[in-house]
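**Q** Go by the hints and put chain E onto chain W.
Here the protein sequences come in this chain order: W and E.
No gaps in the numbering here: position 91 of the first sequence is 91 in the numbering used here, and each next residue is one more.
No gaps in the numbering here: position 99 of the second sequence is 99 in the numbering used here, and each next residue is one more.
Think of the hints as simulated: they come from the structure by calculation, not from any bench.
Bear in mind the structure is a predicted one, so any value in this text is a computation, not a measurement.
Ideal Cβ placement from N, Cα and C applies to all residues, glycine included.
Please note that the accuracy of each hint is not assured.
Computed list of lysine to aspartate or glutamate pairs in EDC-like fashion (alpha-carbon distance at most 20 Å, straight line) [said to hold, decoys possible]:
| id | chain 1 | residue 1 | chain 2 | residue 2 |
| --- | --- | --- | --- | --- |
| 1 | W | K7 | E | D172 |
| 2 | E | K29 | E | D39 |
| 3 | E | K142 | W | D108 |
| 4 | W | K142 | E | E233 |
| 5 | E | K142 | W | E180 |
| 6 | E | K106 | E | E76 |
| 7 | E | K69 | W | D165 |
| 8 | E | K142 | E | D165 |
| 9 | W | K7 | E | D139 |
| 10 | W | K219 | W | D71 |
| 11 | W | K121 | W | E179 |
| 12 | E | K29 | E | D95 |
| 13 | E | K106 | E | E64 |
| 14 | E | K142 | E | D71 |
| 15 | W | K142 | W | D112 |
| 16 | W | K7 | E | D71 |
| 17 | E | K69 | W | D172 |
| 18 | W | K69 | E | D172 |
| 19 | E | K7 | E | E221 |
| 20 | E | K7 | W | D172 |
| 21 | W | K29 | W | D112 |
| 22 | W | K69 | E | D165 |
Selected chain W positions facing chain E (Cβ under 8 Å, derived; list incomplete) [said to hold, decoys possible]:
| id | residue |
| --- | --- |
| 23 | I134 |
| 24 | V138 |
| 25 | K142 |
Where chain E lies over chain W, by a calculated footprint (3+ residues, C-beta under 8 Å) [what the hints assert, rightly or not]:
| id | region |
| --- | --- |
| 26 | 144 to 151 |
| 27 | 169 to 182 |
2 protein chains.
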Amino acid sequence: MALPQVKAFVFDVFGTVVDWRGGVTREAKPFLARYGKADATPEALADTWRSGYVPAMLKVRNGERAFAKLDVLHRENLDALLPQFVADPQAVPLDVLDELNLAWHKLDPWPDSVSGLTRLKARHIIAPLSNGNIRLMVDMAKRGGLPWDAILGAEIAQTYKPTPDVYLRAVDALMLRPEEVCMVAAHNDDLASARRCGLKTAFVARPYERGPKQTIDLKAESDWDVIVNDMNELADAVGA
Amino acid sequence: MALPQVKAFVFDVFGTVVDWRGGVTREAKPFLARYGKADATPEALADTWRSGYVPAMLKVRNGERAFAKLDVLHRENLDALLPQFVADPQAVPLDVLDELNLAWHKLDPWPDSVSGLTRLKARHIIAPLSNGNIRLMVDMAKRGGLPWDAILGAEIAQTYKPTPDVYLRAVDALMLRPEEVCMVAAHNDDLASARRCGLKTAFVARPYERGPKQTIDLKAESDWDVIVNDMNELADAVGA
Numbered sequence: 001m002a003l004p005q006v007k008a009f010v011f012d013v014f015g016t017v018v019d020w021r022g023g024v025t026r027e028a029k030p031f032l033a034r035y036g037k038a039d040a041t042p043e044a045l046a047d048t049w050r051s052g053y054v055p056a057m058l059k060v061r062n063g064e065r066a067f068a069k070l071d072v073l074h075r076e077n078l079d080a081l082l083p084q085f086v087a088d089p090q091a092v093p094l095d096v097l098d099e100l101n102l103a104w105h106k107l108d109p110w111p112d113s114v115s116g117l118t119r120l121k122a123r124h125i126i127a128p129l130s131n132g133n134i135r136l137m138v139d140m141a142k143r144g145g146l147p148w149d150a151i152l153g154a155e156i157a158q159t160y161k162p163t164p165d166v167y168l169r170a171v172d173a174l175m176l177r178p179e180e181v182c183m184v185a186a187h188n189d190d191l192a193s194a195r196r197c198g199l200k201t202a203f204v205a206r207p208y209e210r211g212p213k214q215t216i217d218l219k220a221e222s223d224w225d226v227i228v229n230d231m232n233e234l235a236d237a238v239g240a
Numbered sequence: 001m002a003l004p005q006v007k008a009f010v011f012d013v014f015g016t017v018v019d020w021r022g023g024v025t026r027e028a029k030p031f032l033a034r035y036g037k038a039d040a041t042p043e044a045l046a047d048t049w050r051s052g053y054v055p056a057m058l059k060v061r062n063g064e065r066a067f068a069k070l071d072v073l074h075r076e077n078l079d080a081l082l083p084q085f086v087a088d089p090q091a092v093p094l095d096v097l098d099e100l101n102l103a104w105h106k107l108d109p110w111p112d113s114v115s116g117l118t119r120l121k122a123r124h125i126i127a128p129l130s131n132g133n134i135r136l137m138v139d140m141a142k143r144g145g146l147p148w149d150a151i152l153g154a155e156i157a158q159t160y161k162p163t164p165d166v167y168l169r170a171v172d173a174l175m176l177r178p179e180e181v182c183m184v185a186a187h188n189d190d191l192a193s194a195r196r197c198g199l200k201t202a203f204v205a206r207p208y209e210r211g212p213k214q215t216i217d218l219k220a221e222s223d224w225d226v227i228v229n230d231m232n233e234l235a236d237a238v239g240a
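With the rest of the complex left out, here is chain W:
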């Protein structure tokens, strides 16, 4: 049985637990049907929106701006992409944009997520360690049935992954040693950052997270402590 000393599993969420691309595409579709340019596709809008994620967080991480919740960063990035996708950005009511911004609160869990997390929860603490803010994580969990024990992550630390404080603040809140906490992610760089903080690591392959043309994170790129294809395999691996 793997990781017998681990008492808590903490999870990357976007891409690892839920399908951000499918969910944002679904929500963008009626929006573009109403306001979009003729050639605008919801998949491209989702990909462009997501591409603004890392640069926006970097400004917080390097101190260029104060901490702002991911909902705020998403909303700013939505404004920035409008000219590319929308015929007349000024014609879109603000409440329509505010509603579209909540697409990130309505992402569906991958088919294995709820069952795998539920199994893990029986004998371990489970919590998101996501860059998503607390309300976003709560809405997503209530809608999708994700049975978190607590919501940890960026908002608690007031900065964003991969800054070490985000991982370490979660470990501190759990009152565990770093090696008693396992980071679960579909992203090799997230696991590398967690490992540098002393956490254990579990890679869950999601080679379709970025759509059919995904080129990164197709497989584990290091000797992570556990390497699996879904959350039920993770539960199997640790005897949950």
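**A** Chain E in isolation, oriented as in the chain W frame:
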């Protein structure tokens, strides 16, 4: 139906959701049987331990010391009460004291708490807004089946109730207006502090929380928005 605008209920926990006196008494009993003075009772130990709670938090609230989790304050207060209850404090192994300190993680919900919270959760966000630290709240919830959506409270705010920032930081994390959040407590002073921050208020009477000789918080002492006798009455009142 009361409080139609409220989207989240946040809860005082010790005394309001769980029975601290009964739980600490239960855990103290075998400890005193082994180490206690002949006349030491577990009820008196529980009451004395709890009496150190407010003064210890005050040192954090007024800046006399940096934020420390409630588990740390409880442990210090346990050391302080040992000479009164234990024959030879030096003879008690540290791991026995560390284990006894976890009594606060093992408090039973009042009989109505789980059913009432579960009903409220269906259409509202529910979270503790307690002075207990995150791990304490998580352990208590897992043991007792409290279905929280998130763990808010003192550790997020890095100070203790009734400092306004504890209430306001929870409202901020929920991304709601204060009047969309209802504080639920068995303590009139907690509700008064929440009301000053703009939150709605629900009093749940727990006139036996401090044992048979309780003299305070026997009833609502102001026109709180909802006044009930248990969590299912609260669920009834708000149509949950």
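**Q** All hints, please: hold or fail.
**A** Structure-based check of each hint:
For the hint pairing K7/W with D172/E, the CA-to-CA distance comes to about 30 Å; that exceeds 20 Å, so the pair is violated. Between the alpha carbons of K29/E and D39/E the distance comes to roughly 12 Å, so the proposed pair stays at or under 20 Å and holds. The hinted pair formed by K142/E and D108/W fails the criterion: a straight-line CA distance of about 25 Å is larger than 20 Å. A distance of roughly 23 Å separates the Cα atoms of K142/W and E233/E; the hinted pair therefore is violated under the 20 Å criterion.
With a CA separation close to 18 Å, the supplied pair K142/E and E180/W stays within the 20 Å bound. Distance hint between K106/E and E76/E is fulfilled; the C-alpha atoms sit about 19 Å from each other, no more than 20 Å. About 18 Å separates the Cα atoms of K69/E and D165/W, which keeps this hinted pair within 20 Å; it holds. Between K142/E and D165/E the CA atoms are separated by roughly 27 Å; this puts the pair beyond 20 Å, and the hint is violated.
Between the alpha carbons of K7/W and D139/E the distance comes to roughly 12 Å, so the proposed pair stays at or under 20 Å and holds. The straight-line distance between the Cα atoms of K219/W and D71/W is roughly 30 Å, outside the 20 Å bound, and the hint therefore fails. A threshold of 20 Å between alpha carbons decides the hint, and for K121/W with E179/W the separation of about 18 Å falls inside it, so the pair holds. Between the alpha carbons of K29/E and D95/E the distance comes to roughly 17 Å, so the proposed pair stays at or under 20 Å and holds.
For a cut-off of 20 Å, the pair hint linking K106/E to E64/E is broken: about 30 Å separates their Cα positions. Note on K142/E and D71/E: the hinted pairing holds, with a Cα-Cα distance of about 17 Å set against a maximum of 20 Å. Proposed proximity of K142/W and D112/W is supported: the alpha carbons are some 17 Å apart, at most 20 Å. For the proposed pair K7/W and D71/E, the alpha carbon gap of about 18 Å is at most 20 Å, so the pair holds.
Distance restraint check for K69/E and D172/W: the Cα-Cα separation of roughly 10 Å lies within the 20 Å cut-off, and the hinted pair is therefore satisfied. For the hint linking K69/W to D172/E, the alpha-carbon distance of about 10 Å falls within 20 Å, and the restraint holds. Restraint check for K7/E and E221/E: not satisfied, since their Cα atoms lie roughly 25 Å apart, outside the 20 Å limit. Pair hint K7/E plus D172/W does not hold up; C-alpha atoms about 30 Å apart against a cutoff of 20 Å.
A C-alpha spacing of about 25 Å is found between K29/W and D112/W, which places the hinted pair above 20 Å, so the restraint is violated. Proposed proximity of K69/W and D165/E is supported: the alpha carbons are some 18 Å apart, at most 20 Å. Proximity of I134/W to chain E holds as hinted, the smallest CB-CB distance being about 4 Å (cut-off 8 Å). The beta carbon of V138/W is positioned within 8 Å of a beta carbon in chain E (closest approach about 5 Å), and the interface hint is therefore held.
Interface hint status for K142/W: upheld, as the beta-carbon distance to the closest one in chain E is roughly 6 Å, under 8 Å. Given as covered by chain E, the region 144 to 151 of chain W passes the check, having 4 residues with a CB less than 8 Å from a CB of that chain where 3 are the minimum. For the region 169 to 182 of chain W, the stated coverage by chain E holds: 3 residues have a C-beta nearer than 8 Å to a C-beta of that chain, and at least 3 were required.
Comparing the model with each earlier hint shows violations of hints 1, 3, 4, 8, 10, 13, 19, 20 and 21; every other hint is respected.
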